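These protein sequence lines are chains A, B, C and D, in that order.
First residue of the first sequence: 1, per the working numbering; consecutive thereafter.
First residue of the second sequence: 1, per the working numbering; consecutive thereafter.
First residue of the third sequence: 1, per the working numbering; consecutive thereafter.
First residue of the fourth sequence: 1, per the working numbering; consecutive thereafter.
If you're looking for bench data, these hints aren't it; they were derived computationally from the structure.
Just so you know, not all the hints are guaranteed correct.
Stated by the list, open to error - Beyond 12 Å from chain D on every Cβ pair, some chain C residues (computed):
#1 Leu3
#2 Ala6
#3 Glu18
#4 Arg45
#5 Asp66
#6 Gly80
#7 Leu81
#8 Glu121
#9 Phe123
#10 Gly127
#11 Thr128
#12 Ala130
#13 Gln133
#14 Cys135
As the list claims (entries may be wrong) - Which residues of chain D face chain A? A partial, calculated answer using Cβ under 7 Å:
#15 Pro51
#16 Trp119
#17 Lys120
#18 Cys135
Said to hold, decoys possible - Far from chain A, some chain D residues (derived; all Cβ distances over 12 Å):
#19 Leu10
#20 Glu16
#21 His19
#22 Arg39
#23 Ala40
#24 Gly127
Bear in mind that the values here come from a model prediction, so they are computed numbers and not experimental data.
By construction, the Cβ of each residue, glycine as well, lies at the ideal position given by its N, Cα and C atoms.
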Amino acid sequence: MNIRFEFFGVMQRLAGGAALEVELKRSVTIADALDELAALRPELRLELTRCAVASGDAIVLRRDGIADGSTLALLPPVAGG
Amino acid sequence: MNIRFEFFGVMQRLAGGAALEVELKRSVTIADALDELAALRPELRLELTRCAVASGDAIVLRRDGIADGSTLALLPPVAGG
Amino acid sequence: MYLSEAPLSLDALLAEREHPDCGGLAIFGGAVRDHHQGRAVSRLRYTAYAPLAERRMRDIEAIARDKFGAPYCRVVHRVGLLEIGDVAIYCVTRAPHRAEAFAACRWIVDEVKHTVPIWKEEFYADGTSAFVQGCCIRNDLEHSHA
Amino acid sequence: MYLSEAPLSLDALLAEREHPDCGGLAIFGGAVRDHHQGRAVSRLRYTAYAPLAERRMRDIEAIARDKFGAPYCRVVHRVGLLEIGDVAIYCVTRAPHRAEAFAACRWIVDEVKHTVPIWKEEFYADGTSAFVQGCCIRNDLEHSHA
Numbered sequence: 001m002n003i004r005f006e007f008f009g010v011m012q013r014l015a016g017g018a019a020l021e022v023e024l025k026r027s028v029t030i031a032d033a034l035d036e037l038a039a040l041r042p043e044l045r046l047e048l049t050r051c052a053v054a055s056g057d058a059i060v061l062r063r064d065g066i067a068d069g070s071t072l073a074l075l076p077p078v079a080g081g
Numbered sequence: 001m002n003i004r005f006e007f008f009g010v011m012q013r014l015a016g017g018a019a020l021e022v023e024l025k026r027s028v029t030i031a032d033a034l035d036e037l038a039a040l041r042p043e044l045r046l047e048l049t050r051c052a053v054a055s056g057d058a059i060v061l062r063r064d065g066i067a068d069g070s071t072l073a074l075l076p077p078v079a080g081g
Numbered sequence: 001m002y003l004s005e006a007p008l009s010l011d012a013l014l015a016e017r018e019h020p021d022c023g024g025l026a027i028f029g030g031a032v033r034d035h036h037q038g039r040a041v042s043r044l045r046y047t048a049y050a051p052l053a054e055r056r057m058r059d060i061e062a063i064a065r066d067k068f069g070a071p072y073c074r075v076v077h078r079v080g081l082l083e084i085g086d087v088a089i090y091c092v093t094r095a096p097h098r099a100e101a102f103a104a105c106r107w108i109v110d111e112v113k114h115t116v117p118i119w120k121e122e123f124y125a126d127g128t129s130a131f132v133q134g135c136c137i138r139n140d141l142e143h144s145h146a
Numbered sequence: 001m002y003l004s005e006a007p008l009s010l011d012a013l014l015a016e017r018e019h020p021d022c023g024g025l026a027i028f029g030g031a032v033r034d035h036h037q038g039r040a041v042s043r044l045r046y047t048a049y050a051p052l053a054e055r056r057m058r059d060i061e062a063i064a065r066d067k068f069g070a071p072y073c074r075v076v077h078r079v080g081l082l083e084i085g086d087v088a089i090y091c092v093t094r095a096p097h098r099a100e101a102f103a104a105c106r107w108i109v110d111e112v113k114h115t116v117p118i119w120k121e122e123f124y125a126d127g128t129s130a131f132v133q134g135c136c137i138r139n140d141l142e143h144s145h146a
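Same shape as in the complex, but just chain A (with noise of 0.2 Å):
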């Protein structure tokens, strides 16, 4: 399935643009589209694991399932103010 990963803060720097649009093989949850994007990039395993995951307006959990065509926002640990 078609996935959109969406890149915020040091993220965008990290991987080098603001977003990716990936083709997963094995992925039901947001956990294995993680995992996937991480094998693709291992640039980005680490701060994924700060990361929390958006869709929309709302947070998605890593067990929370996942839909084709979806798009992900990445969002690292978060400096507003």
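Starting from the known structure of chain A, arrange chains B, C and D on it as the hints suggest.
Leaving out everything else, chains B, C and D in the frame of chain A:
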């Protein structure tokens, strides 16, 4: 000696005016002066016990001495803000 | 300027200086409410004993700067007749971080309310008026005669 | 409006509504400092994940109104490039009395800093830059796989 009392807040309402000049007969301290004022104007006696007394930009104490021609500001409990 | 007959200007206080080392800005404004202790208030009159009020407000600012490490502390109070919604007091503090800015701002407002010779006369919708009960600022109660 | 590329206007926030029942107005402004952890900062860039950031800021305002009894709570955050002294965040709260206004203001600013998806990239005088270490907003660490 001649002393000018200035009234603020509720003291002004009780005294019916902003100031009163009084010739004191037997006062040595601020406390004496307030006693003589209270004898002249009994309606001020109760509130006088709650007043701080100022001369210029400083608070003076009941035990402090007074000088002829002084002006004493009578400051009841404050409620700014 | 500490006491003002004219409406207070927050913009003027904010423009007073540049503060590149201060990330935290805290402001308090106290406005006239339309009721107090269950009574409908139509307006207020603030009066002050200016010589001591201004000295104390200056001293309170200086103490707050030291006590909280807030390099910029300013407080101003309106006097005269105020309508509902008019601002009676503004306090502006700036400090490197927000905790000190908030703490200084709060402390200054409390100090002004409790120690500065300013009085509040409330005018009620029913045509009566009263001075608001306040804080006694005598500091010689041990030696009290009167 | 919660996120703004344009400079934040405190006057606009203060003008939003009349509040005859609110005597206490508290404001916090967070400005860009010229140094951070010993390094000279020349400017900042804030970025945000807007869909969740705006939803959370709206939720934080609503929670604060209930939690502190402060009928008016607003917070706005700047995004984009900011210079030293520019204001990154304004929070304005109004409540019947000053204690609730201060408490709500402080709580909102803390919540925004700790939970809203906004990131701060510092540009230093030596030409380098770095993202400021922040707060992890994962809420599923018990279930962590990745």
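| Which hint numbers does the structure go against, in order from smallest to largest? | 3
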